[in-house]
Every structure is written in structure tokens, then in C-alpha cells.
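J.: Sequences are here, hints too, so could you generate the full structure?
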Amino acid sequence: MARTGRTKATGIGLSAVLMWATLGLFGAGSGQVPPFLLNALCFGISGSLAFVWLLATGRVNLLRQPPKVWAFGTLGLFGFHFFYFTAIRNAPPVEANLINYTWPLLIVLFSAFLPGEHLRLHHVIGTVLGLAGAVLLITGGDGIAFSGGSALGYAAAVASCLFWSSYSVLSRRLGSVPTEAVAGFCLVTALLSGLCHVMLEQTVWPAGGLEWASLLGLALFPVGLAFFTWDIGVKHGDIQVLGAAAYSAPLLSTLLLIAFGFGALTLPVAIACVAITVGALIAAKDMIFRKRQGKTAADPAGDAGLPPSEHSTSSHDPLG
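Following the numbering used here, the numbering of the sequence shown begins with 19 at its first residue and continues without gaps.
Incorrect hints may have been included.
[What the hints assert, rightly or not] Label pairs and their computed distance ranges (CB to CB):
id, residue 1, residue 2, range
1, Ala150, Gly76, 31 to 37 Å
2, Pro52, Asp160, 26 to 32 Å
3, Ala277, Asp160, 29 to 35 Å
4, Arg138, Leu218, 41 to 47 Å
5, Lys303, Gly227, 43 to 49 Å
6, Leu299, Val222, 40 to 46 Å
7, Leu228, Val176, 31 to 37 Å
8, Leu213, Arg138, 39 to 45 Å
9, Phe278, Gly76, 37 to 43 Å
10, Gly158, Val296, 18 to 24 Å
11, Leu73, Leu139, 45 to 51 Å
FYI, nobody ran anything at the bench for these hints, they're computed from the structure. Built from N, CA and C at the ideal position, the CB exists for glycine as well.
T.: Here is the structure:
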């Protein structure tokens with residue numbers, strides 16, 4: 019894949035992180051809807067909209083994939099959410115979230131086993147800084163006390179982070195599977211989430227227009243479009259940069275909640291902001307300096323304020 023195509027795919031993948039940052043805000047606005055019902059509704063809406071789009075554009079045949087692809091995609095989306103919801107039900111939410119949020123670090127580490135990828139020290143340093151920032155955000159600077167009676171919840175949290183990091187990294191090995199197939203994964207995830215709701219939860223529907231609007235926001239962006247753009251990013255972009263940048267999601271989510279009056283700006287939040295931002299910049303060092311060098315080589319007059327030249331992509335670039 020052309021270098022410009024890789025950078026473009028990384029940018030598309032980063033949009034998923036921005037959309038996941040709205041999870042807290044939309045989640046807070048969706049009221050008391052239980053998690054599996056919320057999952058079923060959101061994935062049902064996003065999957066249905068994507069299916070209609072495939073029908074309208076004549077691409078519905080792209081859903082015809084081998085059983086192993088369907089199993090992989092469904093296990094990735096549904097498995098992650100199932101174990102995450104199990105974790106927060108059976109362990110203190112702070113500790114469960116901390117364990118779960120090791121998935122970006124695992125993505126960076128697991129990516130070393132992918133063909134053509136090389137794990138370098140700055141990737142690890144940047145990701146660990148991001149993890150430290152996320153820990154500070156989640157704990158608020160307080161200590162962590164793991165409960166001996168929450169083994170099931172902790173195990174589920176470990177499973178959730180393993181499911182999502184493995185799904186993200188192994189998607190690179192299925193690079194020939196079109197991103198449109200994610201529509202089918204969303205629909206199956208919605209069905210399985212609905213079954214879990216019937217068996218495990220009491221039904222509570224959104225109350226009022228604001229809660230329904232929040233649910234629609236979830237379905238369109240963090241529990242919808244984000245999974246499609248993430249698929250493009252992990253298949254064709256810089257997966258190590260994406261892994262490190264994923265730690266900005268809890269930070270941006272916290273800042274959004276503060277902006278809308280759901281929290282306050284504190285010293286731990288400010289320190290976490292610095293740690294996550296610096297970590298992401300360190301992890302993306304190769305991409306940032308490569309881009310800058312490319313501009314200098316392509317446009318020697320760049321210092322005069324002239325716009326950089328456009329780079330053409332190769333004809334086999336899957337992003338067009």
C-alpha cells in the first residue's frame with residue numbers, strides 16, 4: 019500500500035477514537051436503559067442503516083463472506099461487549115475499567131507479530147504514557163484496591179481487553195475482507211445482545227426525546243460508524259499509532275463530560291491530558307516526521323507559505 023494510503027487509513031482510524039470519546043456523553047444522556055438492551059438497539063440501528071446503504075449502492079453481495087469471517091467479526095464485536103458488561107456487573111467499575119483499558123497497550127504489543135510491522139521503543143514508551151494517563155483519569159488520582167471477591171469480574175475484564183485487542187490486530191490478517199462486512203457483524207451482535215437482554219435484564223426504555231436522541235447518537239457514531247472507520251484503520255493504517263492514540267478516548271470523553279456540566283476539571287485530569295498527549299506524539303513520531311520530510315522533499319518552497327503538493331496514490335490502493 020502506498021505511504022499516502024497508509025497515512026490516510028490511519029487518519030480514518032483515528033476518527034473512531036474521536037467518536038468513542040462521545041460514549042460517556044451519549045451514555046449519560048440515554049438514561050437507565052440496561053447495557054445489553056442499549057447494545058442491541060444501537061447495533062441494530064447502525065447495522066440496519068449500513069445494510070440499507072449496501073442495498074442502495076448495490077454492494078449487499080459484500081456480506082457474502084466465509085463462516086470463519088462471520089465468526090471472527092461477531093466474536094470481536096459481541097465478545098468484547100459481553101465480557102465488558104459482565105466485568106462491570108461483577109467487579110468494582112473502576113478496577114474493571116482499568117483492566118479493560120489495557121487493550122490499546124496490547125494492540126501495540128501484539129502488532130509486533132504482524133508481517134511488516136516493527137515494534138520500537140518509542141511505540142512502547144508512548145503507549146505506556148497513555149496507559150498512565152488513563153489510570154489517572156479512571157482513578158482520579160486515588161489508590162487502586164482490587165477486591166478478592168470479584169474474581170469473575172476481573173477475569174471478564176481480562177477477556178474483554180483480549181477480545182478487542184486480538185480482533186483489532188488479527189483484522190490486519192483479513193485485509194481482503196471488505197469493511198462493508200462490518201454491517202453484518204453489527205446485526206448479529208444486535209441479535210445476540212437482544213437475547214442476553216431477555217435472559218439477564220429487565221426492560222427499561224429511553225424516557226423522552228433527549229434519551230432517544232442520545233441513543234441515536236450512540237448508534238450513529240461510537241456504536242456505529244466508529245467500527246467501520248476502525249476497521250479501515252487497523253487493516254490499512256499504522257496500527258501502533260492507533261493503539262497509542264486510543265488512550266485519548268477516555269481523556270476526550272472526560273473533557274466532553276466536563277464541558278457539558280457532568281464533571282469538573284481537576285489536577286489529575288490536567289496531568290492525564292499532558293501524559294496522553296505526549297504519549298500519542300511519541301508513538302506517532304515516525305508518522306509525524308515522515309510526513310514533514312515528505313512535504314519538504316515535495317515542496318521546497320514550503321517555507322514561503324505555498325500549499326504542499328498532492329501525492330498520488332497507487333492504482334491498487336484499497337482506499338481509492
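J.: Which hint numbers does the structure go against, in order from smallest to largest?
T.: The structure breaks hints 1 and 3; every other hint is satisfied.
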